[in-house]
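Novice: Add chain P to chain G, keeping to what the hints say.
Chains as they are written, first to last, in numbering that gives the first Met the number 0: chain G, 0 to 454; chain P, 0 to 454.
Some hints here could point you the wrong way.
Since the list can't tell identical chains apart, any single copy or any two copies may satisfy a pair.
[Said to hold, decoys possible] The calculated lysine-lysine pairs, modelled on DSS-like cross-linking and capped at a C-alpha distance of 27 angstroms, are:
| no. | residue 1 | residue 2 |
| --- | --- | --- |
| 1 | K199 | K158 |
| 2 | K163 | K199 |
| 3 | K202 | K158 |
| 4 | K150 | K301 |
| 5 | K150 | K111 |
| 6 | K163 | K202 |
| 7 | K226 | K163 |
Since the hints were made in silico from the structure, they are not lab data.
Number of protein chains: 2
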Amino acid sequence: MSEKTKKNNMDAVNLEELLEKKDNAALRKVLKDQHAADIAEALIRLSAEDKIHIIGLMSSERASEVLVELDGQERYELIHNLDEKKLVQIIGIMDSDDAADVIGELDEEVAKRILRAMPGKELQEVRTLLRHDEETAGGIMALEIVSVNQKNTAAQALKVLRNKAGEVDDVYNIYVVDDAGILKGIASLQDVVLASPRAKLEKIMDREAVVIHTDLDQEEVANLFQKYNLVAAPVVDEKGRLVGRITVDDVLHVVEEEVSEDFTRMAGITDDDISEKSVFKISSVRLPWLLVAFVGEMISAKVLNHFVPVASGTLDNIILATLFIPLIMAMAGNIGIQSSTVIIRGLATGDIHLRDTGRRLIRESSVAFVNGLVIAVLLCGMIAVWMHQPRMGFVLGFALLIVLFVAGLTGTLVPLILKRFHVDPAIATGPFITTSNDVLGLIIYYSIVSSIGGA
Amino acid sequence: MSEKTKKNNMDAVNLEELLEKKDNAALRKVLKDQHAADIAEALIRLSAEDKIHIIGLMSSERASEVLVELDGQERYELIHNLDEKKLVQIIGIMDSDDAADVIGELDEEVAKRILRAMPGKELQEVRTLLRHDEETAGGIMALEIVSVNQKNTAAQALKVLRNKAGEVDDVYNIYVVDDAGILKGIASLQDVVLASPRAKLEKIMDREAVVIHTDLDQEEVANLFQKYNLVAAPVVDEKGRLVGRITVDDVLHVVEEEVSEDFTRMAGITDDDISEKSVFKISSVRLPWLLVAFVGEMISAKVLNHFVPVASGTLDNIILATLFIPLIMAMAGNIGIQSSTVIIRGLATGDIHLRDTGRRLIRESSVAFVNGLVIAVLLCGMIAVWMHQPRMGFVLGFALLIVLFVAGLTGTLVPLILKRFHVDPAIATGPFITTSNDVLGLIIYYSIVSSIGGA
Chain G
0 MSEKTKKNNM
10 DAVNLEELLE
20 KKDNAALRKV
30 LKDQHAADIA
40 EALIRLSAED
50 KIHIIGLMSS
60 ERASEVLVEL
70 DGQERYELIH
80 NLDEKKLVQI
90 IGIMDSDDAA
100 DVIGELDEEV
110 AKRILRAMPG
120 KELQEVRTLL
130 RHDEETAGGI
140 MALEIVSVNQ
150 KNTAAQALKV
160 LRNKAGEVDD
170 VYNIYVVDDA
180 GILKGIASLQ
190 DVVLASPRAK
200 LEKIMDREAV
210 VIHTDLDQEE
220 VANLFQKYNL
230 VAAPVVDEKG
240 RLVGRITVDD
250 VLHVVEEEVS
260 EDFTRMAGIT
270 DDDISEKSVF
280 KISSVRLPWL
290 LVAFVGEMIS
300 AKVLNHFVPV
310 ASGTLDNIIL
320 ATLFIPLIMA
330 MAGNIGIQSS
340 TVIIRGLATG
350 DIHLRDTGRR
360 LIRESSVAFV
370 NGLVIAVLLC
380 GMIAVWMHQP
390 RMGFVLGFAL
400 LIVLFVAGLT
410 GTLVPLILKR
420 FHVDPAIATG
430 PFITTSNDVL
440 GLIIYYSIVS
450 SIGGA
Chain P
0 MSEKTKKNNM
10 DAVNLEELLE
20 KKDNAALRKV
30 LKDQHAADIA
40 EALIRLSAED
50 KIHIIGLMSS
60 ERASEVLVEL
70 DGQERYELIH
80 NLDEKKLVQI
90 IGIMDSDDAA
100 DVIGELDEEV
110 AKRILRAMPG
120 KELQEVRTLL
130 RHDEETAGGI
140 MALEIVSVNQ
150 KNTAAQALKV
160 LRNKAGEVDD
170 VYNIYVVDDA
180 GILKGIASLQ
190 DVVLASPRAK
200 LEKIMDREAV
210 VIHTDLDQEE
220 VANLFQKYNL
230 VAAPVVDEKG
240 RLVGRITVDD
250 VLHVVEEEVS
260 EDFTRMAGIT
270 DDDISEKSVF
280 KISSVRLPWL
290 LVAFVGEMIS
300 AKVLNHFVPV
310 ASGTLDNIIL
320 ATLFIPLIMA
330 MAGNIGIQSS
340 TVIIRGLATG
350 DIHLRDTGRR
360 LIRESSVAFV
370 NGLVIAVLLC
380 GMIAVWMHQP
390 RMGFVLGFAL
400 LIVLFVAGLT
410 GTLVPLILKR
420 FHVDPAIATG
430 PFITTSNDVL
440 GLIIYYSIVS
450 SIGGA
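Pulled out of the complex, with its shape left as it was, chain G reads as follows (with noise of 0.2 angstroms):
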């Protein structure tokens, strides 16, 4: 055996050659042998075309896998480009919550009428998830446990757990419920295997586990698992009644997205930043909090007027630019943390890559850009209606937009040479891009004010 990260490499690039040689058995045996996650990983890379294709020549059980594996956006464009009897078989061939999260993404009419073919069950089992809320445990649980009832004996216990074995993966626990259905302890595989054969249920069980309501928020969800160290933990309805399991890995990805919430939301993006890929989406989510620092910033700029009085004439008008010292400062900042938020964020997870660099700074300055000029024109129109001097407005207004578009790209750039000189990017960006963004904004700013707003 060898170690994973190793190897990783080795396979994304094998699937590219493979590919170009058209060597489809070769293929179907890195396809068939390596980890779904490892194939999920070199998919990305390939044309859409190269997808369905790749995912053409797998089971249907091995591109269930490998879908799960996807993130929303990349599994949202192969889903819509597979064809409908295929996509069928693979999501019913899903653990129910990976099968109801699937479905949960996509169009209106394609998910009715894949829900319309599955079978009964399965139908039954989805709908049942899909009725939670996505961010509750209702919405993270599956439903495929393995509960026996209190009565029986540890070796009853095991002939479930054989007759399941094809159903349910990754059994730590049997779930132990009375005749109702009410869950009433939990015993661990472990336990089970070394109790005695005859020994009732009852007796092995621990009746003091932690037990989560469908109703309870994934965060707190997520705040149980660590406290309590916990790898599964049953799901019960208001009565009590077992309704499904949640498995630890479903929380990992929840710790990580709280947490990188709460910071993304400070600096004013989101999660999905990362991910998206219009332009104008991603201008129109971070536009509100520029919006926001833009009045409180005209505020400053009142207060400033107050102390500094203006007159007319072409120093003044370099006393009029210091007016809006504060609105520069605090638009660049907020345009460069915005961007460089984004990559690190990326960079710590994976999404962003070294390689991805040029088309990042692209999609960052266009950003920048598309908010640059939202936030210059309102400027120029302030200062045009409010001081009447609407030909300082347009100066101003201009030297904004290029110290905003040199911000996006500071934000981007600084976060990714970072760690090309493997310093990491998060010790060094906070203050480094401030502040370089200050000094940078200062001199673009003045450069220009006073060599086209002079005359």
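Specialist: Structure of chain P alone, referenced to chain G:
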């Protein structure tokens, strides 16, 4: 069985009530019946004396479970108040990885005495673990594992499991090795139980499972767990010999730590910042970031001075003050973000509660005052030496100190107030704090400059 989230609060209250009543019998019962994580949580609120009393009422085994659940600073204080003989007993019962963690936290002299008092086998294990870097796979692995030779059968594997039942908890996998101890594969407990008792392990095991090297950084370990949805993974040395295992509960904390670390670094604080109690220690950790920004913003002032020439006279004192707008804003922004990040992080992890508001305000404003004073003295010196205006240096330095003190207060109060009104502190804090600090800061700054700087 009831839901854990509701039960917790009741437990905490009971512990304090029973202590007051000196009802040791009832306390012993609670301490035996409740989950170690709940006891640890209740313990935090007690006085040092009560903590020792409570630990004294537990069995050594229980005490070891509770100690493992406590956070760094809390554990450090408790351990150093405990009787060393009792401590040796408690540490002796812990899993090797936990024991190594606790000993790693002790003062060197105490650690040496504890190690000297430990029995041979445990001493050996802890020594092995302490050799690895704390943030690598070797540093977070446990040495307690169930390993079986590949030539043995499923029935023999279950026998080994039975023999190790007292030593190893939470067995999900049986690790299969050859005669030299080289890891050959992994068999899940489920697969071993379901296999024919006479089946050889080499037929049951998975040869392609994920294997982790002792030197792998813990962040990469966490990435592997997430990518491959692992519950446990074997750790091997450079020769491929099985040396330990990592379980997912260790990794959950790593995921949260690493994501959090990325962001707290961007804000110029550390994760320890939340639990650290010494104002001077916190100040000194945060200061370097502020100094980086100070140097950068002095360059900003130089740039501004190039475009906005300063003569002497009353109005020109106001113009002189504008040169330092970038400095004022950047410093207030950084100090506000440092405070608010600590509070938001602490609220999310549950380390900070609304009832701590008073204590946090005092702490954060003290830190802002200490660092504000350092920066203010620097500014005063720079203006006196660079611009030969010692009086204005004093005025601007004083104004800066007040602005920074207020920024620390705002950064602390805003997230706490938002939380109080059930608004997510993260979503509204970013732009709110920065912008309000800018407006407030400018008002304070110019009010002080124009009232005492004009003479």
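Novice: For each hint, tell me whether it holds in the structure or not.
Specialist: Results of checking the hints against the structure:
1. Within a single copy, K199 and K158 get their C-alpha atoms as close as 14 angstroms, and across copies as close as 21 angstroms, so both meet the 27 angstroms cut-off.
2. Proximity of K163 to K199 under the C-alpha cut-off of 27 angstroms is found in both arrangements, the shortest distances being 20 angstroms within a copy and 23 angstroms between copies.
3. For the homomeric pair K202 and K158, the shortest alpha-carbon distances inside one copy (18 angstroms) and between copies (22 angstroms) are both at most 27 angstroms.
4. In the homo-oligomer, the alpha carbons of K150 and K301 never lie at most 27 angstroms apart, since the shortest distance is 77 angstroms inside one protomer and 82 angstroms across protomers.
5. Taking CA atoms no more than 27 angstroms apart as the test, K150 paired with K111 passes in neither setting, with 42 angstroms inside one copy and 52 angstroms between copies.
6. For the homomeric pair K163 and K202, the shortest alpha-carbon distances inside one copy (23 angstroms) and between copies (21 angstroms) are both at most 27 angstroms.
7. With identical chains, the CA atoms of K226 and K163 are at most 27 angstroms apart between copies only, with a shortest distance of 26 angstroms across copies and 30 angstroms within one.
Of the numbered hints listed earlier, those contradicted by the structure are 4 and 5.
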